[in-house]
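Respectively, the protein sequence lines represent chains A and B.
All residue numbers for the first sequence refer to the UniProt record's numbering, where the first residue is 1 and numbers rise by one.
All residue numbers for the second sequence refer to the UniProt record's numbering, where the first residue is 1 and numbers rise by one.
Note that these hints are calculated values from the structure, not bench results.
Keep in mind that the hints are not guaranteed to be accurate.
Said to hold, decoys possible - Think about it this way: if two alpha-carbon atoms lie no more than 25 angstroms apart in a straight line, the pair counts; the simulated SDA-like pairs of lysine to any residue are: (1) B:LYS126 x A:ALA64; (2) A:LYS126 x A:LEU42; (3) B:LYS126 x B:MET1; (4) A:LYS37 x A:GLY131; (5) B:LYS37 x A:LEU143; (6) A:LYS126 x B:VAL69; (7) B:LYS126 x B:ARG2; (8) B:LYS126 x A:VAL68; (9) A:LYS37 x A:LEU143; (10) A:LYS37 x B:THR17; (11) A:LYS126 x A:ARG52; (12) A:LYS126 x B:ALA64; (13) A:LYS37 x A:THR14; (14) B:LYS126 x A:VAL69; (15) B:LYS37 x B:LEU90; (16) B:LYS37 x B:LEU130; (17) B:LYS126 x A:ASP62; (18) A:LYS37 x B:GLN136; (19) A:LYS126 x B:ASP62; (20) B:LYS37 x B:VAL68; (21) A:LYS126 x B:VAL68; (22) B:LYS37 x B:VAL89; (23) B:LYS37 x B:THR17; (24) A:LYS126 x B:ARG67; (25) B:LYS37 x A:ARG117; (26) B:LYS37 x A:GLN136; (27) B:LYS126 x A:ASP103; (28) B:LYS126 x A:LEU65; (29) A:LYS126 x B:LEU90; (30) A:LYS37 x B:LEU90.
Protein chains: 2
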Amino acid sequence: MRARDLLADYPVVTLETPVLQAAQLLAEQDLPGLIVKNDDQLTILPGTEALRLAVPRYIMDDPALARVVDEAHADEFLRALGSRTVREVLPRERRELPVTDPDATVLELAALMARTRSPLVAIVDKGRLLGAVTLQALLDRMLGT
Amino acid sequence: MRARDLLADYPVVTLETPVLQAAQLLAEQDLPGLIVKNDDQLTILPGTEALRLAVPRYIMDDPALARVVDEAHADEFLRALGSRTVREVLPRERRELPVTDPDATVLELAALMARTRSPLVAIVDKGRLLGAVTLQALLDRMLGT
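Generate coordinates for the entire structure from the input sequences, incorporating the hints supplied.
Here's what the structure looks like:
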């Protein structure tokens, strides 16, 4: 059993996708994260990191501040997202990406998800995105459920 | 809208729960992670970290090794899990836990999930676990989907 046997089609967003549309895609299709395509490069945004799309940094860093922001203000943050795109919220730092090739083994996929803390691994063959393996698909396979 | 309005019942495992049973719970109920109860203390294991339950550390740390382990050996790793419990695989280090109280705001929940990279926040009131808020429940609320 290799990645090619576990992958499934997965929606892809671009740097120009509006943040709100990306968040709606996550919510409506119950996705564990986003695959962001930038020319030939892929970035994976796990769902929890995609939350950064919707929360201003100064609130992210200060739990006490998040507590005092009331409901009306929370709605304002969401409205303010309207004009922003995925480009503006992608992490800047370089780090290991959960991307591998179709020959990856089940154990390799599990180790990659655990190391990168991503519930989603993109499967790429010669620069072409074939699809993604999700944590749920992997667990189902490992446990035979 | 506060955490108390978003929380739902969530299954809880203990330190004595067999690893295999915990992994099956994740897979079968399509959970984003596990809540582990240890007397009065809670630990949250996001799904990607729960994968560490099933993958030996030396393979986790060495992608090349994971590649060469063949299918037959992968099955052996899973069989070897039979006698292990959640206690043996919980992270040792202390770190911020995705646990808050029922008064937490939507923004506070989002910031907590993003900081701790956990798609799951446990809601506790005076030491009693009330339930959990998942990333999906939070996104649905934030976007009104």
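Is LYS37 (chain B) close enough to GLN136 (chain A), meaning Cα to Cα at most 25 angstroms? holds (23 angstroms)
Need the status of pair LYS37 (chain A), LEU90 (chain B): alpha-carbon distance at most 25 angstroms? violated (35 angstroms)
Proposed proximity, LEU65 (chain A) with LYS126 (chain B) (alpha carbon, max 25 angstroms): holds (22 angstroms)
Pair hint outcome, LYS37 (chain A) versus THR14 (chain A) [Cα-Cα no greater than 25 angstroms]: OK: LYS37 (chain A) and THR14 (chain A) at ~5 angstroms, within 25 angstroms.
Taking 25 angstroms as the top limit, are the C-alpha atoms of LYS37 (chain A) and GLN136 (chain B) close enough? holds (23 angstroms)
Within a Cα-Cα threshold of 25 angstroms, do LYS37 (chain B) and THR17 (chain B) meet the stated pairing? This hinted pair holds, its Cα atoms lying about 10 angstroms apart.
If you draw a straight line from the CA of LYS37 (chain B) to the CA of LEU90 (chain B), is it 25 angstroms or shorter? Between LYS37 (chain B) and LEU90 (chain B) the Cα gap is close to 11 angstroms, so the pair holds against 25 angstroms.
Distance restraint between LYS37 (chain B) and LEU143 (chain A), which requires alpha-carbon spacing of 25 angstroms or less: The given pair, whose Cα atoms are some 24 angstroms apart, holds under the 25 angstroms limit.
CA of LYS37 (chain A) to CA of GLY131 (chain A), is that 25 angstroms or under? Holds: LYS37 (chain A) and GLY131 (chain A) sit about 12 angstroms apart, inside 25 angstroms.
Could you grab the alpha-carbon distance between LYS37 (chain A) and THR17 (chain B) and see if it respects the 25 angstroms cut-off? violated (41 angstroms)
Can the restraint linking LYS126 (chain A) and ARG52 (chain A) be considered satisfied, given a maximum Cα separation of 25 angstroms? violated (31 angstroms)
Is LYS126 (chain B) within 25 angstroms of VAL68 (chain A), Cα to Cα? Holds: LYS126 (chain B) and VAL68 (chain A) sit about 21 angstroms apart, inside 25 angstroms.
Hints 9, 10, 11, 20, 27, 29, 30 from the list above are not met by this structure, while the remaining hints are.
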